[in-house]
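Trainee: Each chain, letter by letter, is given below.
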Amino acid sequence: MRKWFACAAIFAIAPAVAQTAKIYAPPKTPWGDPDLQGVWPGTDMVGTPLERPRDFGARSVLTDQEYAQRQARARNQTNIDSQETVNETTRCDPNRGGLGNTPTTCSNGVSIGPPLYWDDRGKPNRQASLIVDPPDGRIPPLTAEAQKLAADRAAARRSRPCAATAGGCHDSWEDESLWDRCITRGAVGSIVPNTYNQGNQIIQTPGYVILRNEMIHETRIIPVNGPVDGRPHAPSGIRTWMGDSRGHWENGALVVETVNFNGRDVIVGTPVSDSVRLVERFTRLGPDTLEYRLTVDDPKTWTKPWTAAFPLRRDPKYVLYEYACHEGNYYMYNALTGARKQEQK
Amino acid sequence: MNTGLALAGWALAGGAALAPLAAPARAHHAFAAEFDIGKPLRLQGVVTEMEWINPHAWIHLDVKGPDGKVTSWMVEGGSPNILLRRGFTKKSLEKGTEVVVEGYQAKNGENRANGANITFKDGKRLFLGGSSPEELPQK
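Listed in order, the protein sequences are those of chains Z and L.
When the letters of the first sequence are read in order and numbered with my numbering, they come out as residues 1 to 345.
When the letters of the second sequence are read in order and numbered with my numbering, they come out as residues 1 to 139.
Pulled out of the complex, with its shape left as it was, chain Z reads as follows (with noise of 0.2 Å):
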């Protein structure tokens, strides 16, 4: 019984001893706050899943072996992804990870899809999922309210005859998604690495943290007051895509609370209530790495918040491109234009 005491106290304290041994006191601005000015991108993670398989249970790193395998599938990705224009048999392969491809979107040995460079990579690493809680790494299930409306989009999709045809329905823009529409990715896909655009910048002048997304060039301007939030949020009737931001500082970390979302976002392939609300927190673990950490806490979409957790790497040599994403969105243009077409025939 003595024994059992004493390993459950050493496992209370070590995670307590693990989180003093990362302590890495950054630099301060000239106005003596923590200073995470610099760019960010998130690159490296590229590629790291979101949710874990779920046999890894509560296990969130790899094991060697499934390490090896990472390595192994990353330096193979290499390999078609400078093929993906010449090989005949793997171009069209839809078990290659390639971008898209199916069977049916595959004919004389060429893919429809796009060919596989226009995607960013990332570096093997050892983290099972980007999600970190629940502690299973995977998203919580959705509540009653929310599966019903899922279901109800699903039925509706399904009583379209466009749905049937390759490609899918495209009988207006509301039709197209809100990336595609070259509106937002939201607060959340700005960031959580996935595609390309990965560049995060992080800017400080004295009460503000300005973050820049390099994905459809988002800019959040937060106020940023002291040890605790200082500022209000905008009234409840300020709705917006990227939210209202509010920030203070937490032992060196830069916590963001966010809230007053539109209500018409999408976070990892779910549309979102207006209850959405979301803290962010930005931890130097040292010169090159930030660790960003996101909850998600929308109680009328998923029956508990989730947090997923990635570093992101300093990159001085990083340039956030302009992701002017109207300038020439032919997409649009060719998508519904494609689809009267078919109509017609």
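Everything labelled a hint here was simulated from the structure, so no lab data went into it.
All residues carry an ideal CB built from backbone N, CA and C; glycine is no exception.
You may find that some hints are simply not true.
Here are the computed lysine to aspartate or glutamate pairs in the DMTMM-like style, where the Cα-Cα straight-line distance is at most 25 Å [unchecked claim]: (1) Lys91/L / Glu322/Z; (2) Lys90/L / Glu327/Z; (3) Lys300/Z / Asp136/Z; (4) Lys39/L / Glu343/Z; (5) Lys95/L / Asp122/L; (6) Lys90/L / Asp315/Z; (7) Lys95/L / Glu51/L.
Derived list of chain Z stretches under chain L, where covered just means 3 residues or more per stretch with a C-beta under 8 Å from a C-beta of chain L [stated by the list, open to error]: (8) 117-131; (9) 159-173; (10) 317-324; (11) 334-344.
Got chain Z; can you put chain L on it based on the hints?
Mentor: Relative to the frame of chain Z, chain L by itself:
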């Protein structure tokens, strides 16, 4: 560009890294919406312009038909940001360069195509894929 299935994009990336792929996922916009699977094509032409625009670059080509008639085509390319990061510059595809494009024509019947495979006349690839992945330092 995404299809709204951001999760699918991650699932794809995850599948490549960890588990066998359950199903292929779309990380970019719906190419089957934009281009016609029933209209595969092979274009041999001369580059007249590289339109370096967001969200996707477009390559303009003049293609001479068997009858000698020249038609202009537009071929979709990657996002300028990633093309730059992969080493592609304005000089990579200069005006007058002869290229061969394998892809599909736009569903709307216009002279637009996706550029699944783009090679130079001598068969050399327009673009070579990424460098070997470096690994992250492990604890």
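Trainee: For every hint, state whether the structure bears it out.
Mentor: Verification of the supplied hints:
no.: 1; hint: Lys91/L / Glu322/Z; verdict: holds (20 Å)
no.: 2; hint: Lys90/L / Glu327/Z; verdict: holds (18 Å)
no.: 3; hint: Lys300/Z / Asp136/Z; verdict: holds (22 Å)
no.: 4; hint: Lys39/L / Glu343/Z; verdict: holds (17 Å)
no.: 5; hint: Lys95/L / Asp122/L; verdict: holds (17 Å)
no.: 6; hint: Lys90/L / Asp315/Z; verdict: holds (24 Å)
no.: 7; hint: Lys95/L / Glu51/L; verdict: holds (11 Å)
no.: 8; hint: 117-131; verdict: holds (count 13)
no.: 9; hint: 159-173; verdict: holds (count 4)
no.: 10; hint: 317-324; verdict: holds (count 4)
no.: 11; hint: 334-344; verdict: holds (count 8)
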